[in-house]
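Quick mapping for you: the protein sequence lines, in order, are chains A and B. Note that the numbering used here has the first sequence beginning at 1, numbered continuously upward. Note that the numbering used here has the second sequence beginning at 297, numbered continuously upward.
Simulated from the structure, these hints should not be mistaken for lab results. Wrong hints could be hidden among the right ones.
[Unchecked claim] DMTMM-like, lysine to aspartate or glutamate: derived pairs with alpha carbons at most 25 angstroms apart: (1) B:Lys-348 with B:Glu-384; (2) B:Lys-376 with A:Asp-135; (3) A:Lys-17 with B:Asp-424.
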Amino acid sequence: MFEHGAASQVLRRPAAKLCAGVLIVIALAAALGPEFFPIDYREPGPLQYAPPSWSHPFGTDLNGRDVFYRVLLGARVSLMVGLAGAAVSLFIGTAYGLIAGYAGGRTDHGMMRVVDILYSVPRLIFILIFINAFDGHLRAFASHMNWLWLVDYSRIVILVATLGIIEWLTMARIVRGQVLSLKERTFVQAARVLGQSHARIMLCHLLPNIFPIVIVYLTLTVPAVILDESFLSFLGLGIQPPQASWGSLLSEGAQAINPLRIYWWLLFFPAVTMSATLLALNYLGDRLRDTLDPRR
Amino acid sequence: MLRLIIRRLPALLFVLFCVVTLTFFLIRLAPGGPFDRERKIPPAIEAQLLAKYKLDGTLWEQFTGYIADVTRGDLRLSTKYRNRSVNEILAQTLPVTFTLGAVAFFLATLSGIWLGTFAAVRRDTASDRLAMAAALLGLSIPMFVIGPLLVLVFGLWLLWFPVGGWGWPSQIVLPAITLALPFAAIIARLMRTSLLEVLNQDFVRTARAKGLPNCIVIYRHALRVAILPIVTYLGPLAANLLTGSIVVETIFNIPGAGGFFVHSILNRDGFLLGGVVIVYCALLIIFNLLVDASYALLDRRIRVDV
Chain A
1 MFEHGAASQV
11 LRRPAAKLCA
21 GVLIVIALAA
31 ALGPEFFPID
41 YREPGPLQYA
51 PPSWSHPFGT
61 DLNGRDVFYR
71 VLLGARVSLM
81 VGLAGAAVSL
91 FIGTAYGLIA
101 GYAGGRTDHG
111 MMRVVDILYS
121 VPRLIFILIF
131 INAFDGHLRA
141 FASHMNWLWL
151 VDYSRIVILV
161 ATLGIIEWLT
171 MARIVRGQVL
181 SLKERTFVQA
191 ARVLGQSHAR
201 IMLCHLLPNI
211 FPIVIVYLTL
221 TVPAVILDES
231 FLSFLGLGIQ
241 PPQASWGSLL
251 SEGAQAINPL
261 RIYWWLLFFP
271 AVTMSATLLA
281 LNYLGDRLRD
291 TLDPRR
Chain B
297 MLRLIIRRLP
307 ALLFVLFCVV
317 TLTFFLIRLA
327 PGGPFDRERK
337 IPPAIEAQLL
347 AKYKLDGTLW
357 EQFTGYIADV
367 TRGDLRLSTK
377 YRNRSVNEIL
387 AQTLPVTFTL
397 GAVAFFLATL
407 SGIWLGTFAA
417 VRRDTASDRL
427 AMAAALLGLS
437 IPMFVIGPLL
447 VLVFGLWLLW
457 FPVGGWGWPS
467 QIVLPAITLA
477 LPFAAIIARL
487 MRTSLLEVLN
497 QDFVRTARAK
507 GLPNCIVIYR
517 HALRVAILPI
527 VTYLGPLAAN
537 LLTGSIVVET
547 IFNIPGAGGF
557 FVHSILNRDG
567 FLLGGVVIVY
577 CALLIIFNLL
587 VDASYALLDR
597 RIRVDV
């Protein structure tokens, strides 16, 4: 399917080119940008709530930190969590859907019933409790083992793992649907007649064939995970200061909107960056899906 | 319909039991107790407190005691808001959350179905593309961006609506729109896809061949079938609305259960947290059961006897 050049077919549209461009610019800026800032931009300074100007294009916040720098740092965390969380969900969803679809019958029915139930449970609420329960333990374990990097990033590691755990449902459904139709095809029957094991059929024959559609849904899972993470951080229960993500920046921005003074730049710039990223990812994902699966 | 409900009941009760168990142990796993303060409490007083809140005894005894209390409908006392029971707090805050959720629910489904139908009927025209671009935008902009933006524009510049609070009908407008928007976008996309598929089917062609006017073909024949995927989405929609209401209540300062939920995590108020989660899940499970039952009524081709 990708051999037909779905990606290049999609990228022929001007809007898709624009989206891809936006994503590349934001990703590069997030990866490299923060390194180019002078030291005094990174630390709290005397200039509180300065509106956007040439020296601070996005203005400054309560502690006199440059908002542009903070938005790029937030992008780093948000994108990283989004990608890693989506990877976790890819792994779980593919394995679950592959097994359910391949097993078929009662097993399939039961496994899909579990997915249905999980869909209608407020999963993010459980994640909140889960993160809160395990963050302290992981941090204690990390400092006990003297893994300093994990002490600083334990929250992010837990976020990635848990968000991946809740966002796999759609992936599992899609994979299972594909496997159900693929397993009746002659090449799978041939493999079975040749006496190949179930594991080998799943991994060597089915997995490569569902790969394209899995990649498409991966592009749609990344924005979902980014949205989840920012939801948690907005409530003050995700990324903790001094680290920042788009969600925690937006929560600071929302607090800076009040009838007395409106510090609009604190809300506006993180909001635009985040929305543009999500929009671009969703648009590209949609177009890829339409190209691969014209039925929808 | 009644048979379906009776058949599903054991499985659903089991799910609810899992929810209670999971919540109980996750809360107990969190480091720190509900009475940890800067200053150490004398051991005798701490023992008294633990006894009052039934937090003494082994973990197993506490768990069975909690399960027994919950089945009797007693969600126990809040450890943060001293002397207030969780039932009391929920009785005050849940109606607020449900009013907001119900308004957003109808707003999201009605506007989503309308927008999706609008786009599908005008397939591949400029209005279709515009409607779907709007839906994509609504899907991509998070609630906590839309909320403050609405506050900024309609609350602080135009002064049309109050910026927050609860009690007046005008105060529900902005929060309900904020909460409904992303889900209206999702429903519009579902609706468009589904209606386009239905419009290609034979019975629609027959209806057209009979010479029925376009609006009757769509509204009386096609829409009735095309709406089924929306009905299956109603369960997840309710769950997402409850989750989303936590953020919306924070943005607009609404005294609903969401705010208590967030604070109960920060305050390690285990019974309040457990109470909110259990009640949310129980209501969602009941709602899903009703959706499943109505699904069987709506579409006679489908027999749900699982």
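Going through the hints against the structure:
no., hint, result
1, B:Lys-348 with B:Glu-384, "holds (18 angstroms)"
2, B:Lys-376 with A:Asp-135, "holds (22 angstroms)"
3, A:Lys-17 with B:Asp-424, "holds (21 angstroms)"
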